[in-house]
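Novice: Listed below are the residues making up each chain.
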Amino acid sequence: MSLLKEFTKGLNKENPVFRLMLGLCPVLAVSSSVNNAIGMGAAATFVLVCSNCVISLIKGFVPAKIRIPIYITVIATFVTIVELVMAAYAPELSKALGVFIPLIVVNCIILGRAEAFASRNSLISSLIDGLGMGFGFTLALTLIATFREILGNGTWLGYPVFGSSFEPALMMILAPGAFITIGFIIGFLNWLDHRKAAL
Amino acid sequence: MKDIPRFALILTIVTVIASGSLAWINKITHPVISAQEQKTFNEGLRAVLPGSGQGIIEPVMENDNILYYMGFADPEKTNLIGYAFQAPGQGYSSLIQTLVGMDTSGTILSIKVLSQKETPGLGTKCEEIRTGETTPWWQDQFQGQLTMDLKVDKDGGDIQSITGATITSRAITNAIAHSASSVLSQIQKSNQDS
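From first to last, the protein sequence lines are chains E and R. All residue numbers for the first sequence refer to our numbering, where the first residue is 1 and numbers rise by one. All residue numbers for the second sequence refer to our numbering, where the first residue is 1001 and numbers rise by one.
Just so you know, these hints were derived from the structure itself, not from any lab. For glycine and all other residues, C-beta sits at the position ideal for the given N, C-alpha and C. Please note that the accuracy of each hint is not assured.
[Stated by the list, open to error] Just some of the chain E residues that point at chain R, by a computed CB distance under 8 Å: (1) 33; (2) 67; (3) 69; (4) 186; (5) 189.
[Unchecked claim] Covered by chain R, according to a simulated footprint, are these stretches of chain E (three or more residues, beta-carbon under 8 Å): (6) 54 to 66; (7) 70 to 77; (8) 85 to 93; (9) 155 to 161.
Based on the provided sequences and hints, a complete structural model is requested.
Specialist: Here it is, written out as structure tokens:
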């Protein structure tokens, strides 16, 4: 596949959240506000790109039988680096995402791409794949957060969207709201695909 | 079976490199993080004792522990504004540290939540600042409240809980009430002694 396709596949055709259904735990938790969604997406993208690169570089030395503990060690190391650097140089963002940065370690997108792609592709391809998947994850998070924040809090990125008489739907901020939003988006994407196929 | 020593060696190399990098990053970031925390704390002391800007905030110690702080409006320590103290409490998913400023009659001047790792979008609303405002709306309601019998609405008190974050709200409120009562009894004791 051309490098451009490696990147763009993560945005729609193989979007990790809406198509591959990976990383749904942090998606549920962090998509309640657009600000958190963008922050989490950026941090996860950074970890994904770094871990994809490292795993692609060491793929020759990793025996298949112990690949999972090695991948997880690499991923956990990068996540801890992100956590420490954020706490030191971006304390506000670090406070906003507190509990969820460590959860990037078990974000299935990262382990999934390491196993399915980085362990069998070149460094450049793995880097681009990481970027594409990370962007796709951020896009998905931001889209879901847009719905959840507007309907559940009356704001977008903290700016009020409706007047003060708007009664937000609390459910949208909780897990069921996330599930329902994701379901509708996936349904819509599937419908679009059907229409394209029918043409 | 003969692979095991080879696997063990490779795993050891990986983990040594990983821990080495982490130790190095920690060495660089640790002083920055500590300075950050100290700065937040000092700003917090000034914020919860309004009027102490030109004056002195002094810790009151017992052995090596800081019990509470006394805040004065002037450097000569003649004008006592009130007391500041920490109120830690176990929240939903983290230890919540709150700094409380209290006047000499036990009324809260102001509070500042220093650190928490509660659920984003719910418990974290305790520190949320609405656009266009400058202070966290949930913490503002504590100003002017008596520390005695301080409770959330769900427990019969005056403090409005955050919708969907009752545990966080209750944890902070109860921590303030609890720490305030122990500081007040320490103040009484030292007033009797002097």
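Novice: Confirm or reject each hint.
Specialist: A quick look at each hint next to the structure:
1. 33: holds (6 Å)
2. 67: This hint is violated: residue 67 (chain E) lies away from chain R, its Cβ roughly 10 Å from the closest one there, beyond 8 Å.
3. 69: Cβ of residue 69 (chain E) sits 7 Å from chain R, so the hint holds.
4. 186: violated (22 Å)
5. 189: violated (25 Å)
6. 54 to 66: holds (count 5)
7. 70 to 77: Result for this restraint: holds, n = 5.
8. 85 to 93: holds (count 5)
9. 155 to 161: holds (count 4)
Checked against the numbered hints above, the structure violates hints 2, 4 and 5; every other hint is satisfied.
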